[in-house]
Amino acid sequence: MYVAVKGGEKAIENAHLWLAEERRGDPAVPELGIGQISEQLALAVNRVMAEGSLFDPELAALAIKQSRGDLIEAVFLIRAYRTTLPRFGASLPIETGQMSCVRRISATFKDAPGGQVLGPTFDYTHRLLDFKLAADGFVGEAEQSETPLSDDIPHIAGYLNSEGLIQDEPETDVEPGDLTREPLELPASRDIRLQSLARGDEGFVLGMAYSTQRGYARNHAFVGELRIGRVAVEMDIPELGFSIEIGEIEVTECETVNQFRGSKVEPPQFTRGYGLVMGQSERKSIAMALVDRALRWRELGEDYLGAPVQDEEFVLHHADSIQATGFLEHIKLPHYVDFQSELELVRKLRREAGRNHRPREAAV
Amino acid sequence: MSEYNFAYLDEQTKRMIRRAILKGLAVPGYQVPFASREMPMPYGWGTGGVQVSAATLTPEDTLKVIDQGADDTTNAISIRRFFQKTADVEVTERTTEASVIQTRHRIPETELKEGQILVYQVPIPEPLRFLEPSEVETRKMHALEEYGLMHVKLYEDISIHGAIATSYAYPVKVEGRYLMDPSPIPKFDNPKMEMAAIQLFGAGREQRIYALPPYTRVVSLDFEDHPFDPGRADHACELCGAENSYLDEVIVNDRGERMFVCSDTDFCESRLNGNGEGGA
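For the protein sequence lines, the chains are A and B, in the order given. Counting from 994, one number per residue, gives the positions in the first sequence under the working numbering. Counting from 31, one number per residue, gives the positions in the second sequence under the working numbering.
Pulled out of the complex, with its shape left as it was, chain A reads as follows (with noise of 0.2 Å):
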């Protein structure tokens, strides 16, 4: 009488030997390689690697693997296994102006020294489906320059700064928060906001960045500055007395110089927002560097207008993939005690309603 809800253990046992089963596919063709992964859907395993915060390219194409290609899930993979991780300390702020860059571009300056490298982008693709990429998939070689790229590229910002143009980051020398060993709390300091946001779903974070640009909390972002390429990691070691290189890790960086017309705090000049992110990710760290200009209007003296993007509360509580997926899908759990009594309160509600309304039905 009571099948469904005997016999849960078989049936768990079975829809995983099946989900392996689809994971496998057709066993004709040949076995997707961790390599192949990595190699090949890089952009893939960088969003992984990104939004999992755990910069391991390998298990992060395993992940894309076992997860069948649903990247949410390869996150969350990556996410539980980082949590087994020891935490051993705080590496030194990344240099990014001594990045080896891939990519290096400004849409605010002509030209600037290091140059505009346009690297490996899609922006001037046509996006044509490329059969022949079906077929054999060679495309040919692009052409290596003689003279290699500086790695010590300025940051464009800085010009603008010389000149005052442009609103002064304060510095600190506080370690930053971590959101993954500390419980959240508001309001949030910037570099736990710019966590979040480097932790955050790319399609919400795009969103909310739309959304100023299409006029909520508008602010007119220019991208001053987009850069990939790797950077070493230095850590203190206190036994050393001084850092060591401990590897060297891909990021994209964004700045974004936007406009403002000045405050009762501020004067006229332009202001920033920040985007890095884990491996090549262009399209969220400007995404990033536009939400982190819109949190900040309470530091800039600007109004709150209303705008979900202003709102850190929204923002930050909204951002990461793995808790809304977690909450979002739980709902096809079991439920049915809390259905039952919605169900007796229904009846019991509709039982009152009936009974009056009845004597007004009566008199018509």
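It is possible that part of the hints are untrue.
Unchecked claim - If you only want the chain B side, here are some residues facing chain A, beta carbon under 8 Å, derived: (1) Gly74; (2) Gly99; (3) Glu127; (4) Phe218.
What the hints assert, rightly or not - Looking from chain A toward chain B, a few residues come up when the C-beta cut is under 7 Å (computed): (5) Gly1001; (6) Glu1002; (7) Leu1034; (8) Arg1072; (9) Pro1176; (10) Glu1306; (11) Gly1319; (12) Leu1326; (13) Pro1327; (14) Val1330; (15) Asp1331; (16) Ser1334; (17) Glu1337; (18) Leu1338; (19) Glu1345.
It is worth saying that the hints were derived from the structure and are not from the lab. Beta carbons are placed, not taken as given, at the ideal position from N, Cα and C, and that holds for glycine.
Please arrange chain B on chain A, whose structure you already have, making use of the hints.
Here is chain B on its own, set in the frame of chain A:
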């Protein structure tokens, strides 16, 4: 087993969670922020309860996990297995044999005893959340014990529907101080919350832990002229005949006929096996 630390979480994390639990027990009903970890099951599946259980379990414990009152619902099985795998603790389906019980949406029918711990999975720990979406505001309201908003909501229910239109997650006042969400248990279970066992509440996604020490005064909100009514389906269990248990309504055939059975499977089976009421 050796791949994981005992109960999955590392010792530092468990200490951090235990500190939050102790603070919660010291200030009953107060929501203590804690640095919730990402667990290998999704938010919404009981990550808060799992973290609280992980920090509470010792190798000598016997664990029971229920969802909707039943031990054999899929997620209860999944969580029980998780702790079998990562903590290798004894598990049981018997309420009386368990030292730690993790639950979603129910309190067992069998009265809990001193020494037992009941761990609730909590989706939204803030009882005022659906009246005030901002966390900054609701924290202020708790600090000032400003709960008028909730009373107005209940009053409006009565003026519109003639009754308080909340049937689960029915708000309670703890020791005359904090307004607390009892998690989405049916209001039928609310009176049981004054109990001999320790009650711990974990909300993973919302990063909150709160607690009730044994014998804490827990009052369901009501009005003098509209006293709290725990409510219950007007039936007896069609399997064990119990008239005092919370019932699930099961559709049994294509004609839509219904059957009412105990939601607490251990309670029902114990009665069927003649082990006395509640399977003592």
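Outcome of the hint check:
Checking Gly74/B against chain A: minimum C-beta separation of about 3 Å stays under 8 Å; hint holds. At its closest, the beta carbon of Gly99/B sits 6 Å from a beta carbon of chain A; the interface hint therefore holds under the 8 Å criterion. Hint status for Glu127/B: violated, given a least beta-carbon distance of 19 Å to chain A, over 8 Å. Interface hint status for Phe218/B: upheld, as the beta-carbon distance to the closest one in chain A is roughly 7 Å, under 8 Å.
Interface hint status for Gly1001/A: upheld, as the beta-carbon distance to the closest one in chain B is roughly 4 Å, under 7 Å. A hinted interface residue such as Glu1002/A counts as satisfied when its beta carbon comes closer than 7 Å to some beta carbon of chain B; here the least separation is about 5 Å, so the hint holds. The interface hint given for Leu1034/A is broken, as the beta carbon of that residue sits about 23 Å from the closest beta carbon of chain B, more than 7 Å. Taking 7 Å as the C-beta contact cut-off toward chain B, the hint placing Arg1072/A at the interface holds, the least distance being around 4 Å.
Interface hint status for Pro1176/A: upheld, as the beta-carbon distance to the closest one in chain B is roughly 4 Å, under 7 Å. A least Cβ separation of about 6 Å between Glu1306/A and chain B falls short of the 7 Å threshold, and the interface hint therefore holds. Given the 7 Å rule on beta carbons, the hint for Gly1319/A holds: about 3 Å separates it from the nearest Cβ of chain B. Given hint, Leu1326/A at the interface with chain B, holds; its Cβ is 6 Å from that chain's nearest Cβ, closer than 7 Å.
The beta carbon of Pro1327/A is positioned within 7 Å of a beta carbon in chain B (closest approach about 5 Å), and the interface hint is therefore held. At about 5 Å, the closest approach between the beta carbon of Val1330/A and any beta carbon in chain B falls short of 7 Å, and the interface hint on this residue holds. For Asp1331/A, the interface hint holds, the least distance from its beta-carbon to any beta-carbon of chain B being 4 Å, beneath 7 Å. Interface hint status for Ser1334/A: upheld, as the beta-carbon distance to the closest one in chain B is roughly 4 Å, under 7 Å.
Interface restraint check for Glu1337/A: the shortest CB-CB distance to chain B comes to about 6 Å, inside 7 Å, so the restraint holds. Using the Cβ-Cβ criterion of 7 Å, the hint placing Leu1338/A at the interface with chain B is satisfied: the shortest such distance is roughly 4 Å. A cut of 7 Å between beta carbons decides the hint on Glu1345/A: the least distance to chain B is about 5 Å, and the hint holds.
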